[in-house]
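Undergrad: Sequence:
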Amino acid sequence: MAGKVLSLLPPLLLAAAGLAGLLLLCVPTRDVREPPALKYGIVLDAGSSHTSMFVYKWPADKENDTGIVGQHSSCDVPGGGISSYADNPPGAGQSLVECLEQALRDVPKERHAGTPLYLGATAGMRLLNLTNPEASASVLAAVTRTLTQYPFDFRGARILSGQDEGVFGWVTANYLLENFIKYGWVGRWFRPRKGTLGAMDLGGASTQITFETTGPSEDRANEVQLRLYGQNYQVYTHSFLCYGRDQVLQRLLASALQAFSAFFHTVNFLRTSMGLPVATLQQLEAASVNVCNQTWAQLQARVPGQRAHLADYCAGAMFVQQLLSRGYGFDERTFGGVTFQKKAADTAVGWALGYMLNLTNLIPADPPGLRKGTDFSSWVVLLLIFASALLASLVLLLRQVHSAKLPSTI
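So in this note's numbering the end of the sequence shown lands on 410, straight run, no missing numbers.
Any given hint might turn out to be false.
Claimed, not checked - List of simulated lysine to any residue pairs, SDA-like, C-alpha gap at most 20 Å: (1) Lys342 to Glu178; (2) Lys342 to Asn268; (3) Lys342 to His309; (4) Lys109 to Leu127; (5) Lys109 to His72; (6) Lys342 to Asn179; (7) Lys109 to Gln71.
Since the hints were made in silico from the structure, they are not lab data.
Kindly produce the complete structure, drawing on both the sequences and the hints.
TA: What follows is the structure, given as structure tokens:
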């Protein structure tokens, strides 16, 4: 009897497999979206006093044609800005190598060829281009030679206009504050009902002010049209070349070099290092006077770890106070709406992220990957059928082995 059952084992297993296959064909399926792959982009912010590299990433499928971009990593290039290499252009390209090597590690190798790489130079190079166009061209050519040696998709090195710098900084600030788009608790992106905020940037060689406007501007050259996340924005921006913190100090001292963003760091120094209140314009002015009234020995004793920049804080604080009050026209009432930030959501506030966001409009989205999926209950039934067939096969196989070991009877 056992021999007959064992002889039926192969056809039984074949029938079970066929039945399972028919069930698989009959079970309803639906398309299931795979998580989108990540895309990467690299922006080199070549400022007047230093260069920073930012690596960004975003899901390959986009939201209304614009990527949901986040900062992946960053790197500060050693040395001064690329404009400081006017007498040694090859040194400008060589200075970028350390950070570019980091980018090779930060971006997955399989994504290198598809990762766009940009270099944007700001006011330092704008000034060099005005005073020495040949040196400016040589510096850009040198950094281009270096950048093209890496396996990324190099999209060019160029000098940004003051309007570009202002607008992209405004985009960054409002994006990080979730004024363009926000991820809701229902699991989807939506556009918040709150408006955008204005942005001010004080760099080493220029200062910018940018805000959204609905009416016509006095100078149409300062108007910029943007489209982000399916919405149009009309933005006013104005850049003041040579009114950056370093340039103002150069006029006073004939030599100064600051490797930091002046609005935030000046106010942060007054508030944190000196322990002075700066919540109002009057307090900001009083804090500036307080710093300027300190002797060099008193300042060194009070802030022992910042000697490199300590001598510039008096003039820098005075300039920030005058720029905000007399230059931009803030008073005691409106100054309360000004916040000083270096980072938001662990991302540096500057033009580079806004530049990358705008460029994602030009980078095609990848179509979402789809897989066939079944309901959980159907999957459980099929699993039980296969498990039962496998168990029955094992039982019959063990019986066959056991029967073979028994002594045969005559």
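Undergrad: Next step is simple, just say for each hint if it's right about the structure.
TA: Do the hints match the structure? See the list:
1. Lys342 to Glu178: Measuring from Cα to Cα gives roughly 16 Å; hence the hint holds.
2. Lys342 to Asn268: Given pair Lys342, Asn268 holds - Cα atoms ~10 Å apart, limit 20 Å.
3. Lys342 to His309: Holds, because 18 Å separates the two Cα atoms, which is no more than 20 Å.
4. Lys109 to Leu127: violated (37 Å)
5. Lys109 to His72: holds (15 Å)
6. Lys342 to Asn179: Cα-Cα ~18 Å, so holds.
7. Lys109 to Gln71: Within the cut-off at roughly 18 Å; holds.
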